[in-house]
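Protein chains: 2
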Amino acid sequence: MSEATPHTSPALDHTHDPALRSWVPGADGHAEFPIQNLPFGVFTPPGEAVPRGGVAIGDSILDLAAASLAGLFTGEAEQAASAASGTALNAFLALGAPPRRALRARLSAILAADSPDREQAAHCLHKAVDCALHLPTRIGDYTDFYVGIHHATNVGKVFRPENPLLPNYKYVPNGYHGRASSVRTSGTDVRRPRGQLKAPDAEAPRYAPCERLDYELELGIWIGPGNALGEPVPVAGAADHVAGFCLLNDWSARDIQAWEYQPLGPFLAKSFGSTISAWIVTPEALAPFRIPQPARPQGDPAPLPHLLDQADQGQGALDLELQVLISTSAMREQGLPPHRLALSNTRHMYWTVAQMVAHHTSGGCDLNPGDLLGSGTLSAPDPGGFGSLLESTGGGGQAIPLPSGETRRFLEDGDEIILRARAARDGAVSIGFGECRARILPAA
Amino acid sequence: MSEATPHTSPALDHTHDPALRSWVPGADGHAEFPIQNLPFGVFTPPGEAVPRGGVAIGDSILDLAAASLAGLFTGEAEQAASAASGTALNAFLALGAPPRRALRARLSAILAADSPDREQAAHCLHKAVDCALHLPTRIGDYTDFYVGIHHATNVGKVFRPENPLLPNYKYVPNGYHGRASSVRTSGTDVRRPRGQLKAPDAEAPRYAPCERLDYELELGIWIGPGNALGEPVPVAGAADHVAGFCLLNDWSARDIQAWEYQPLGPFLAKSFGSTISAWIVTPEALAPFRIPQPARPQGDPAPLPHLLDQADQGQGALDLELQVLISTSAMREQGLPPHRLALSNTRHMYWTVAQMVAHHTSGGCDLNPGDLLGSGTLSAPDPGGFGSLLESTGGGGQAIPLPSGETRRFLEDGDEIILRARAARDGAVSIGFGECRARILPAA
Numbered sequence: 001m002s003e004a005t006p007h008t009s010p011a012l013d014h015t016h017d018p019a020l021r022s023w024v025p026g027a028d029g030h031a032e033f034p035i036q037n038l039p040f041g042v043f044t045p046p047g048e049a050v051p052r053g054g055v056a057i058g059d060s061i062l063d064l065a066a067a068s069l070a071g072l073f074t075g076e077a078e079q080a081a082s083a084a085s086g087t088a089l090n091a092f093l094a095l096g097a098p099p100r101r102a103l104r105a106r107l108s109a110i111l112a113a114d115s116p117d118r119e120q121a122a123h124c125l126h127k128a129v130d131c132a133l134h135l136p137t138r139i140g141d142y143t144d145f146y147v148g149i150h151h152a153t154n155v156g157k158v159f160r161p162e163n164p165l166l167p168n169y170k171y172v173p174n175g176y177h178g179r180a181s182s183v184r185t186s187g188t189d190v191r192r193p194r195g196q197l198k199a200p201d202a203e204a205p206r207y208a209p210c211e212r213l214d215y216e217l218e219l220g221i222w223i224g225p226g227n228a229l230g231e232p233v234p235v236a237g238a239a240d241h242v243a244g245f246c247l248l249n250d251w252s253a254r255d256i257q258a259w260e261y262q263p264l265g266p267f268l269a270k271s272f273g274s275t276i277s278a279w280i281v282t283p284e285a286l287a288p289f290r291i292p293q294p295a296r297p298q299g300d301p302a303p304l305p306h307l308l309d310q311a312d313q314g315q316g317a318l319d320l321e322l323q324v325l326i327s328t329s330a331m332r333e334q335g336l337p338p339h340r341l342a343l344s345n346t347r348h349m350y351w352t353v354a355q356m357v358a359h360h361t362s363g364g365c366d367l368n369p370g371d372l373l374g375s376g377t378l379s380a381p382d383p384g385g386f387g388s389l390l391e392s393t394g395g396g397g398q399a400i401p402l403p404s405g406e407t408r409r410f411l412e413d414g415d416e417i418i419l420r421a422r423a424a425r426d427g428a429v430s431i432g433f434g435e436c437r438a439r440i441l442p443a444a
Numbered sequence: 001m002s003e004a005t006p007h008t009s010p011a012l013d014h015t016h017d018p019a020l021r022s023w024v025p026g027a028d029g030h031a032e033f034p035i036q037n038l039p040f041g042v043f044t045p046p047g048e049a050v051p052r053g054g055v056a057i058g059d060s061i062l063d064l065a066a067a068s069l070a071g072l073f074t075g076e077a078e079q080a081a082s083a084a085s086g087t088a089l090n091a092f093l094a095l096g097a098p099p100r101r102a103l104r105a106r107l108s109a110i111l112a113a114d115s116p117d118r119e120q121a122a123h124c125l126h127k128a129v130d131c132a133l134h135l136p137t138r139i140g141d142y143t144d145f146y147v148g149i150h151h152a153t154n155v156g157k158v159f160r161p162e163n164p165l166l167p168n169y170k171y172v173p174n175g176y177h178g179r180a181s182s183v184r185t186s187g188t189d190v191r192r193p194r195g196q197l198k199a200p201d202a203e204a205p206r207y208a209p210c211e212r213l214d215y216e217l218e219l220g221i222w223i224g225p226g227n228a229l230g231e232p233v234p235v236a237g238a239a240d241h242v243a244g245f246c247l248l249n250d251w252s253a254r255d256i257q258a259w260e261y262q263p264l265g266p267f268l269a270k271s272f273g274s275t276i277s278a279w280i281v282t283p284e285a286l287a288p289f290r291i292p293q294p295a296r297p298q299g300d301p302a303p304l305p306h307l308l309d310q311a312d313q314g315q316g317a318l319d320l321e322l323q324v325l326i327s328t329s330a331m332r333e334q335g336l337p338p339h340r341l342a343l344s345n346t347r348h349m350y351w352t353v354a355q356m357v358a359h360h361t362s363g364g365c366d367l368n369p370g371d372l373l374g375s376g377t378l379s380a381p382d383p384g385g386f387g388s389l390l391e392s393t394g395g396g397g398q399a400i401p402l403p404s405g406e407t408r409r410f411l412e413d414g415d416e417i418i419l420r421a422r423a424a425r426d427g428a429v430s431i432g433f434g435e436c437r438a439r440i441l442p443a444a
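If you read the sequences in order, they're chains A and B.
Using the UniProt record's numbering, the first residue of the first sequence is number 1, and each one after it goes up by one.
Using the UniProt record's numbering, the first residue of the second sequence is number 1, and each one after it goes up by one.
Identical copies carry no separate label here, and so any pair may be met within one copy or between two of them.
Keeping only pairs whose Cα atoms sit at most 20 Å apart, straight-line, the calculated EDC-like set for lysine to aspartate or glutamate is:
{"id": "1", "residue 1": "Lys127", "residue 2": "Asp117"}
{"id": "2", "residue 1": "Lys170", "residue 2": "Glu203"}
{"id": "3", "residue 1": "Lys198", "residue 2": "Asp300"}
{"id": "4", "residue 1": "Lys170", "residue 2": "Asp201"}
{"id": "5", "residue 1": "Lys127", "residue 2": "Asp59"}
{"id": "6", "residue 1": "Lys127", "residue 2": "Glu48"}
These are computed hints drawn from the structure, not numbers from a lab.
Being a predicted model, the structure only gives us computed values, none of them experimental.
The shape of chain A in the complex, shown without the other chains (with noise of 0.2 Å):
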């Protein structure tokens, strides 16, 4: 890690030590939150009625307005747990790098297995399995992005089979706005939406339940500072704006989106609901899975130059594992465990998270803290690889047998998506996300 772009990747420290044990029952091993991962959210204790910000420590959740209270923490790092004690983390995410790293390190003390403040943090942890989980922030804007090269090239295929990758997509890390109200977190069942459908065939549309309801696997990105209406943030910056990662499942239906889709884009066909999981897992914790952006292929058109910072090429791509499963009702009713339908990576995508920061706000548009960035779906290269329905079942021309003897072209009541993600490197602890997770309610 080059001390010359601490904002790109946060160099290693103590908090990311391999040997670092924590007293927290079951957090040593723990398979998405050990002590190198210390993710924040907000969370609502067992009899309690206000929702407070937390840490996830293994099975547990350190409540921080009450450890604040307790007076664990002082200086930067209480100004951090103190704008992140209230029910959404907004003022948190505005603080920027500094003071988020300050707690950081902090809980990685207070936590650590030799901790002198054991038994006062103990006093301020739940088990996770009895709290409520809810959206981070208030979600100012959400925007989705299309940065999945092997996505947009499969999806391309089905739409505009003769031009699958439009001539702009390796100038412009594109995007649309999508629908903020609508985001849920990891639980929420999602109701199938009804929409305009018509055949290809058909004369006109008819308003019925979606026929072709799909996943789509992504990353999602949570806004830090942001930037004032008017003042683009250069790429070399652009990482300062970043305050963590996690999932993001963008519920899609295909068939109102093929309807709907020209000439304004995906309205109601992704809007009737989107799912992440409750953590936000910060640029410290993920610092030792960057990796170089993978290089462009032969003959691919260089970033313009406001797009193309070194530092960011150099270690602003992220390599962690991403997972979809499925748990149908028929499997839940034989005792299945979810299966998996995609194995992937977040180094499929064609543009860096900077990149995608930089570009958003290279005509003036405003970010601000809290707000949410989708990646778009991140398929790798091969169909075992594919984040979405529409991708691996051909279109839905071939159904994908499942273990309980069924098959799906595209989702059906009941069925569950889990999406997971596994950040793991030789040399380092692995970290995971927390699921986002969420069932289907058939059509109201």
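Take the given structure of chain A and dock chain B to it, following the hints.
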């Protein structure tokens, strides 16, 4: 007005009486805000720091918080005034029509020439010219529609000469998610965006200041109570969720738009700034200006059943005259008044506001109090009523002459665009919306 459909068109009552006079100086005969209008907004009085809700009357603003403290309201009117006393009107809009109507009736009585409360109310009045106006709500989500059929046809010709109006247009009240964070109140300058521009014959795009900057003349719609996620609003009840109207200038960078808009729709071309008029003109104030939805041209399909309500067809459209005016630096130096670029009318909406709301929620997407909808550009069929330069210059081909001797194909730095609305009808006092005005600053 039929009593069977009070939700679509609130009956006329004494607040609309053309004989009604106000004791507020300048209110009687005021072009925009006579006592028959009474629009709501958020303002800061001179010498004060905290914004609060107010009502425009003539050239004055009545402070609702002060009037409430003075004991001028009781019952439902007090509930509404209290909800409208804060720094944003979301809570007021959430109350829906009955409290809003009660407050209107009481305000009409307080401000009427024969009011016994005149002296007390006079202490709550401020000269509008001394006050700062703010966004009336914290806009959760902003959706821009495309229901101006003449605009859709004109623009379609520029982008797709062979196929101007797509097959879905007459079935789908299409829209797209806009950027909520960059909406600003009238009077806030707009900075010319930079973006990726690509000439048709250029090999690659370049990042440069927009060269084809345009305005769009739109009606804005403020959402009232709204709906829960997964629970569509039927078209027959949709008007209950409309809390009011404003003017909206959806600034558009045509060169950025042309390069970026496929396949996901407008993004940075329209997210560098949108300007709205500050006052929420209520459905009650507009009750005298309701008209039947103009008949669809022979051969057009009927709306699908979930978008069709006879009462809405009978009186769900609006008869509002809309104007676009320009004032350039040279015009101001020469002492010339703003020059009218277009005269249009809200009757050119192919879909009603109720149909827009019903469509938006038809897949379960939730609308929330204070959300903003845009109609899309409302052009008249004739060139004198085209609501954007893209249309009135034929895609930039024909320059428009101005009284200053200048011409315009697209907007230049220093140009100010002013939108105005006027509701006028025999037997009713005419009302306006207040200006939607902003000036273009040079690119950063």
